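The hints should help you fit chain B onto chain A, whose structure is shown.
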Amino acid sequence: MERRNFFKILSTASAGALATGCGTDTDKLIPLLVPEQDLIPGVEYWHPSVCTSCSSGCGVVARVMDGERIIERSTEGKTEKLRQRLAAVKKLEGNPLDQVSGGRLCARGQAGVQALYNPDRLRGPLKRSGVRGEATFQPISWKEAIAEAADQLMKVKNEGADRIALVTGTVSSTRSLALRGFAKAIGAPEPLVCSVASHAAERKAAEIALAWQGLPFYDIANARHILSVGADFLGGWVSPVNYARQFGAFRQARTEIRGYLAHAESRLSITAAAADQWLPLKPGSEAQFLGAVGRILLELNLAPKAATLPPPVLAAFQALDLASFIAATGIEERKLRAAVEQLGRSEGPLVLAGASTIHTNSVDAIVASHYINMMLGTIGTPGGMQAPPKSAIDPLTAVKFSESLAQARAIILDEANPLYTAPKAAHVRESLMKAGFVLSFATTLDDSAAWADIILPAHHALEGELAVAPATAAHLSLAMGGSFVQPLYDTQSVPATLAAIASVMKVTFQPATAKEIAEPLLPKDLTWETVVREGGFHVEAAALVTPAARTKKAPKAAAPLRAVSFSAAKFEGDGPFLLQPYLSPQHHEGASANLPWLQECPDPASSAVWSLPVEIDPVTAQRLGIATGDNVKLESASGSITAPAYIHPGAVPGVLSMAIGGGHQHFGRFASGRGVNPLEILALAYEPATGDLATGATRVRLTRVGPGKDLIQYSAHDKEERPHGHR
Amino acid sequence: MATGNPVKPHRWGMVIDLDRCTGCEACVVACHAENNIGMSDPEEAARGRVNHWIRVDRYYEGEFPDVKVKYQPVLCQHCDEAPCEPVCPVNATYHNPEGLNVQVYNRCVGTFYCANNCPYTVRSFNWFDPKWPEPMQLQHNPDVSIRPGGVMEKCTFCIQKIKRVEEQAHAGSRPVADGEVQPACVQSCPAEAMVFGDLNDPDSKVSRFAGDGRATKLMEELGTKPKVIYLEKAR
Numbered sequence: 018m019e020r021r022n023f024f025k026i027l028s029t030a031s032a033g034a035l036a037t038g039c040g041t042d043t044d045k046l047i048p049l050l051v052p053e054q055d056l057i058p059g060v061e062y063w064h065p066s067v068c069t070s071c072s073s074g075c076g077v078v079a080r081v082m083d084g085e086r087i088i089e090r091s092t093e094g095k096t097e098k099l100r101q102r103l104a105a106v107k108k109l110e111g112n113p114l115d116q117v118s119g120g121r122l123c124a125r126g127q128a129g130v131q132a133l134y135n136p137d138r139l140r141g142p143l144k145r146s147g148v149r150g151e152a153t154f155q156p157i158s159w160k161e162a163i164a165e166a167a168d169q170l171m172k173v174k175n176e177g178a179d180r181i182a183l184v185t186g187t188v189s190s191t192r193s194l195a196l197r198g199f200a201k202a203i204g205a206p207e208p209l210v211c212s213v214a215s216h217a218a219e220r221k222a223a224e225i226a227l228a229w230q231g232l233p234f235y236d237i238a239n240a241r242h243i244l245s246v247g248a249d250f251l252g253g254w255v256s257p258v259n260y261a262r263q264f265g266a267f268r269q270a271r272t273e274i275r276g277y278l279a280h281a282e283s284r285l286s287i288t289a290a291a292a293d294q295w296l297p298l299k300p301g302s303e304a305q306f307l308g309a310v311g312r313i314l315l316e317l318n319l320a321p322k323a324a325t326l327p328p329p330v331l332a333a334f335q336a337l338d339l340a341s342f343i344a345a346t347g348i349e350e351r352k353l354r355a356a357v358e359q360l361g362r363s364e365g366p367l368v369l370a371g372a373s374t375i376h377t378n379s380v381d382a383i384v385a386s387h388y389i390n391m392m393l394g395t396i397g398t399p400g401g402m403q404a405p406p407k408s409a410i411d412p413l414t415a416v417k418f419s420e421s422l423a424q425a426r427a428i429i430l431d432e433a434n435p436l437y438t439a440p441k442a443a444h445v446r447e448s449l450m451k452a453g454f455v456l457s458f459a460t461t462l463d464d465s466a467a468w469a470d471i472i473l474p475a476h477h478a479l480e481g482e483l484a485v486a487p488a489t490a491a492h493l494s495l496a497m498g499g500s501f502v503q504p505l506y507d508t509q510s511v512p513a514t515l516a517a518i519a520s521v522m523k524v525t526f527q528p529a530t531a532k533e534i535a536e537p538l539l540p541k542d543l544t545w546e547t548v549v550r551e552g553g554f555h556v557e558a559a560a561l562v563t564p565a566a567r568t569k570k571a572p573k574a575a576a577p578l579r580a581v582s583f584s585a586a587k588f589e590g591d592g593p594f595l596l597q598p599y600l601s602p603q604h605h606e607g608a609s610a611n612l613p614w615l616q617e618c619p620d621p622a623s624s625a626v627w628s629l630p631v632e633i634d635p636v637t638a639q640r641l642g643i644a645t646g647d648n649v650k651l652e653s654a655s656g657s658i659t660a661p662a663y664i665h666p667g668a669v670p671g672v673l674s675m676a677i678g679g680g681h682q683h684f685g686r687f688a689s690g691r692g693v694n695p696l697e698i699l700a701l702a703y704e705p706a707t708g709d710l711a712t713g714a715t716r717v718r719l720t721r722v723g724p725g726k727d728l729i730q731y732s733a734h735d736k737e738e739r740p741h742g743h744r
Numbered sequence: 004m005a006t007g008n009p010v011k012p013h014r015w016g017m018v019i020d021l022d023r024c025t026g027c028e029a030c031v032v033a034c035h036a037e038n039n040i041g042m043s044d045p046e047e048a049a050r051g052r053v054n055h056w057i058r059v060d061r062y063y064e065g066e067f068p069d070v071k072v073k074y075q076p077v078l079c080q081h082c083d084e085a086p087c088e089p090v091c092p093v094n095a096t097y098h099n100p101e102g103l104n105v106q107v108y109n110r111c112v113g114t115f116y117c118a119n120n121c122p123y124t125v126r127s128f129n130w131f132d133p134k135w136p137e138p139m140q141l142q143h144n145p146d147v148s149i150r151p152g153g154v155m156e157k158c159t160f161c162i163q164k165i166k167r168v169e170e171q172a173h174a175g176s177r178p179v180a181d182g183e184v185q186p187a188c189v190q191s192c193p194a195e196a197m198v199f200g201d202l203n204d205p206d207s208k209v210s211r212f213a214g215d216g217r218a219t220k221l222m223e224e225l226g227t228k229p230k231v232i233y234l235e236k237a238r
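Keeping their order, the protein sequence lines are chains A and B. Going by this note's numbering, the first sequence wraps up at 744, each residue one higher than the last. Going by this note's numbering, the second sequence wraps up at 238, each residue one higher than the last.
Bear in mind the hints are in silico, worked out from the structure with no lab data behind them. Misleading hints may appear alongside valid ones.
Straight-line C-alpha distance at most 27 Å; calculated BS3-like pairs for lysine-lysine [unchecked claim]: (1) K201(A) to K174(A); (2) K352(A) to K322(A); (3) K441(A) to K160(A); (4) K71(B) to K299(A); (5) K208(B) to K726(A); (6) K236(B) to K220(B); (7) K73(B) to K220(B); (8) K523(A) to K174(A); (9) K71(B) to K220(B); (10) K299(A) to K73(B); (11) K166(B) to K71(B); (12) K201(A) to K523(A); (13) K144(A) to K441(A); (14) K451(A) to K144(A); (15) K352(A) to K236(B); (16) K73(B) to K352(A); (17) K134(B) to K98(A); (18) K172(A) to K451(A); (19) K352(A) to K71(B); (20) K208(B) to K166(B); (21) K451(A) to K407(A).
Note that this is a predicted model, so its numbers are computed, not measured.
This is chain A alone, in the form it adopts within the complex (with noise of 0.2 Å):
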């Protein structure tokens, strides 16, 4: 190649409408897209935008600069290769204007980046040429494309659009806004939620407890005594980044005041190693455990507000079998007491309970917390729990999808990776199999993707406009961005994919935009340029609505839906162990596997790096001859994995967790055929209130496969663990 060719540039495409940076000395107004002109080397601009790697919705601020990059063109039959100019995107960090995030941002948030300028990013649309299933796809336009995705969404539609099922996950924006808002125009069920990260069980017990619509917001910052139950809320929880912040400031903001927490939980979670004393509960005895510390409470005469509360839950607590709740939990009496005056002795008590691990009485165990609460005085109070605010974006609630599924004759799937989130037994390969036609707006080849007749890739979330509300804060809030950098692939937002296949099959559908969201909710001094200049908003509840309205809104309670009950958890199949699999604050659900900054982040428990172990307890591992490193077979009813184990001081005896974010059969060249995945031999066990699947009720059996070389450490406490000694 010449070299004129080769420093050939290309101008990047021109300006859109106008928007601010935020933040620093360097700010000034430059147009949406940049065009090449305007980018001075060395010159940074900050956008505001939003992450969309969990459902927290932080709002972030991306560090904008100039990059190049390789491309291709080909003309008059000739293949060129040039180098672009372009606005690249450096650096995500929170946006200190937004109330989630407050500038600040976990690892997979920054992580983010990776996913923008992934190399296995989907170029464009492409169709199926093989066997369903194969993942062999031919380049198709988008022409083409959208005709015959609405043309086969038509044929299904026409023999009764209940066929047709939309899976998604569960952030809520203009993006899931959308499709809901498609689901509806072709007459489709509400799109289904297809995540081991839901908080159903969270939503049902707010609702349940104290009719409240959506996840509550816990004032931990202002908290002095926390004893947290079931819910790893500084790792892979509701909120991490906002909930740490607000952890940091419990332990250290305040003189004279240090918040203690107290944390009852089946394993040994990032959040059961920072507090300062860790109950380790045999999974599911959570509604046990919680009984236990209602009933202790009101014994000892430290719950002020007792009388508050509904009189069929204030005798449930009374009539329960004590010795027989504190014995389900695995924990000296002695040392539940002591906890349990702590707490009600504190002068600013808070329960928070939540279901990182679900079981089948996930939904009790959450409802009995928020009688605790109830009974403390801790509710609506500063430092307590707090009722959600109106969301500017209404979540999706349906969560049992397997059944729909397998009925669907068209299946469109969006942000949402069903054959890797659901167990084997939830027959979703059968039913993708099935199905008459499968749609994926996926970025990057998933698993599911893979068995798609046709993928309309999706812009990265930082390439088009998004907004989103978070899942829980403490205010209505929306956080957003604009579309600052040209989108690097033929993609297409997911709203105006939607948009442009409804009408296509001449169906009424107009996507509701972010603005069109935000203004009705607007206090009269917020203007819409200054919430795309800040990245979004929030609106206290006095200013959103009148005093008379709030007093409505107020907690219903007087009025439960229901008495609190204290259910045995239920678990299938047989096997002396359970497996738990869990949510990493590297991995999560496992939809950042593909990112080689969270691969080669060490885990937390293991310090394992590009895999992920099974955690067995030192006396297990005795008993069975396995030592750290080595492979083990795990089996239920459903099937069999096999993974390396490690031998971890503080797993609860008898219980197998694992991370979930491995095994993925399509997932780029970083994922792709790496490790296994526990959610796979999960049985199907579903938590029966909200529908949602039970993730820690399964048994499986342990064998010992023999030495493997499948767990890279990156630092382990004894040097025996690395053979090779460098870092």
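Chain B in isolation, oriented as in the chain A frame:
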């Protein structure tokens, strides 16, 4: 050197509050994003060749059910008496006037003496030329050079950010404000466990924390005089 405070040079230091730290590793990824650290692949990682300028050490204490885990972020301690400095035969690692222990990449010949001598094992060696499959290079921070194979590298306290702030302060004829420089790890930390600032300024946050009853330094008994101060977890 452009400093905002012409009277007294800065002496940069960091405080890490272990009572706030959750071990979430946001700092680890932030460091990679800021500093163009080469990516490993699983084969290289299995040989122990993963590069991190900051890591979160974990210590398990006790036996079940009374197990405690301690997480401790460890990065270059920017020692005043740095054991890595005098052993470098080519003067690639030296102490700059602001107290930073800096590495001159194009002097480094990869003798490994510095890494062998560092008690904190915070130096990482580029065993191979870093590779970024197209278009991952678009993310590269233009303020930080890409290091080739055979070169030792380490935490710089995000010197590029320090310089940027110092230049801005100098241009505005004002001193650098406390908290104005935020290395990537400090900036990202959700629990706000990390604080960065000037140890020469008695009113800076780091100076005040350094006098806290919980303040300790890592392996201080070696006489390395680290400039990273840990605040022990309160009991």
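Would you list, in rising numerical order, the hints stated earlier that this structure does not obey? Structure breaks hints 3, 5, 11 and 21.
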